[in-house]
Structures are given as structure tokens and as C-alpha cells.
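These protein sequence lines are chains H and Z, in that order.
The first sequence begins at 81 in the working numbering and counts up one residue at a time.
The second sequence begins at 47 in the working numbering and counts up one residue at a time.
Don't read these hints as lab results, they were simulated from the structure.
Remember, predicted model here, so these are calculated numbers, not experimental data.
A virtual CB, placed ideally from N, CA and C, is assigned to each residue, including glycine.
One should not assume that every hint holds.
If you want the footprint, here are the derived chain H segments under chain Z, 3+ residues with CB under 8 Å [what the hints assert, rightly or not]:
hint	stretch
1	117 to 130
2	186 to 197
Label-pair ranges, simulated between beta-carbon atoms [to be verified]:
hint	chain 1	residue 1	chain 2	residue 2	range
3	Z	Ser-72	H	Ser-85	32 to 38 Å
4	H	Cys-93	Z	Ser-72	40 to 46 Å
5	Z	Ile-59	H	Cys-93	36 to 42 Å
6	H	Ala-152	Z	Phe-58	42 to 48 Å
7	H	Glu-167	Z	Asp-64	26 to 32 Å
8	Z	Ser-123	H	Lys-94	46 to 52 Å
9	H	Lys-135	Z	Ile-59	44 to 50 Å
10	H	Pro-120	Z	Ser-53	30 to 36 Å
11	H	Leu-156	Z	Ala-98	33 to 39 Å
12	H	Ser-98	Z	Ser-123	43 to 49 Å
13	Z	Ser-103	H	Phe-119	31 to 37 Å
14	Z	Ser-72	H	Thr-97	40 to 46 Å
Residues per chain are reported as follows:
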Amino acid sequence: GAVVSQHPSWVICKSGTSVKIECRSLDFQATTMFWYRQFPKQSLMLMATSNEGSKATYEQGVEKDKFLINHASLTLSTLTVTSAHPEDSSFYICSARASGTYSTDTQYFGPGTRLTVL
Amino acid sequence: GQQLNQSPQSMFIQEGEDVSMNCTSSSIFNTWLWYKQEPGEGPVLLIALYKAGELTSNGRLTAQFGITRKDSFLNISASIPSDVGIYFCAGAQGGSEKLVFGKGTKLTVNP
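So here's chain Z without its partners, still in its complex pose:
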């Protein structure tokens, strides 16, 4: 099935560094969602974006819905060890109730 192109696949950073990851698609999406999943847990919604150009923050996290509606990015500022996990982007297209997922970005933060 259709998937979003999420990059990078993994990141190894030092505590305090900023992180950026993104998702792109050849198709237009009406909604972009960013989730974080920790081992043995379900994905937790971090940020939901509903309008093209929308920039939304949640604490140290900031995400934007691309103007073309074909991409989105997630930034994490001043990373801390508990930011470790796998971050998934997901998109919803008009006329479909299903979500399309990226393959995830595995984040490792070294203290």
C-alpha cells in the first residue's frame, strides 16, 4: 500500500541538540499527524496538523504542514534522554478514513 517517505530512518544525537525529521509524499494529504512510539507501547499522538502552512508547537516539539500539502516536518529542540523512541508521521487523504504511515525515525539521545 501507499506509504509516506520519512527521513531520516534513524538519528543518534547528543542531549541538548535539536532534531529535525520530515515526511514527503507524491500525493496531497488533508491531515498530517506525528506520533511517538516507545518499545512495547502504542503510538502516542504528539501533534496534529489540519491546514496547509499550519505551524503548531507542543512544548519542545514543533511541526508544520507543508504549503503544497505533500510534506510535513517535526522539530524537537533541546533534546533530552526521554525523547528516545520511534517517531512516525501519518497522513489522511480526502475521501479516505485510513491513515498512511511513514516507516518511522528511530531517535537515540546520548546523555
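Next up, chain H with everything else stripped away, as it sits in the complex:
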């Protein structure tokens, strides 16, 4: 149980194009999903919190117009990197928070998406 998928697992795009990454909770409903960015040999950096049916909450320093987040259903959140530039190249990981009594704080992570912008 508690499986989270991401698609695509890796993507290479040209500078100036937009890339959409999907995050799905496969066997549970997730009212909240999170998007992280991870640089090599570093910990996870939270980019934004995505709540189903409402606008995402972005962390300080993260451009909301550049990283568009949509959480249209209880099992799907998408991150769109708009007008991507080489500095946006990174490993993007989503997580979904399971609902329930004790497990509310537990986040289950997707396998990540490696974005390379040429």
C-alpha cells in the first residue's frame, strides 16, 4: 500500500520549453501532496504544498509563475516547469500525505523525475 508514482521518470528538454510532471497516489487518497527539489548530494528542499481543489502554497524563494502546480483530484497533482532553463535541471520528487488518524503526518514519496534542460 501507499504507492506514489511519477511520470515521466526522466525528461530532457530544450531551454524555453515547458515540462509537466505528474504525481499520482495509486492506492490511497491524498488531500495534500508536496513537491520537492533535490540537488546532488543534498537533502530534499520543499518547493510547494499542494492541496486538492485549492491553490498551492509555495515556499519562500520559489517562483509560483515558473513552477505551476495543479491538484485537480485526490490522486493527482502536476508540476509544470514553465520556460525551463538549464538552472532548472534537477531531481524533482513529489510526495503524498495519507489521510487517517496517526498516519496524517506520514508522506510517501514518488520515485522522482530527473529533468535536464539543454
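Start from chain H and add chain Z according to the hints.
Showing chain Z alone in chain H's frame:
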């Protein structure tokens, strides 16, 4: 932002040895989570702790939620080569849905 103090930063051990790593904080946490991440993959949840003093095992892994709610440790017994990876602790505080992460412990197991 806030981070947990995770140590050690890296460990090089021989197969069969036991491993211990811990996370501390100056703040109280209501939940402690331990994840393992392998190269090119997302973190995988190993153990979740929800009550102070809780001791939970998952196979060869054992983790405890400190009584003060400001620390947690993870032990791995009889390590094997597939234990290689980066282990992250993460905590959740009351009133916040976000997780605070440690910087990770990189484990290398020599066969």
C-alpha cells in the same frame, strides 16, 4: 529553513556490522520518520514513529522516538550490501503539515 541535526554524515562499515544513526532537534516533534534513498530514486519510508518513547522494528531495522520528542535513532543490525544508500530522518511538528528533514547519513557497506 529549520533542519534536523542528523549524524553521522557518512558511515563505512563491514558487512555484518550493526549501524546506528540519530537525529536531534531543539524543537519538539510529534512524528518521526525514517527514509532510505538510493541513487536516482525517491525516498522510501522505512519506519514511522508517532508516540514519544515508541520503539518500532521493521526487519533488521529498529527506530525509537525519544522521550523528550526532540530526537530519534535508527539502528540497522547485521548490515548487508543492499543496505547501502542515504538514510534521512524527518519530523513533523504539531500545527504544520510540512516535514523537516535531516541532511542524511550515507551508508556504505563493504562486503
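| message | Taking the earlier hints as the rules, which of them does this structure contradict? | response | Numbers 7 and 10, in rising order.
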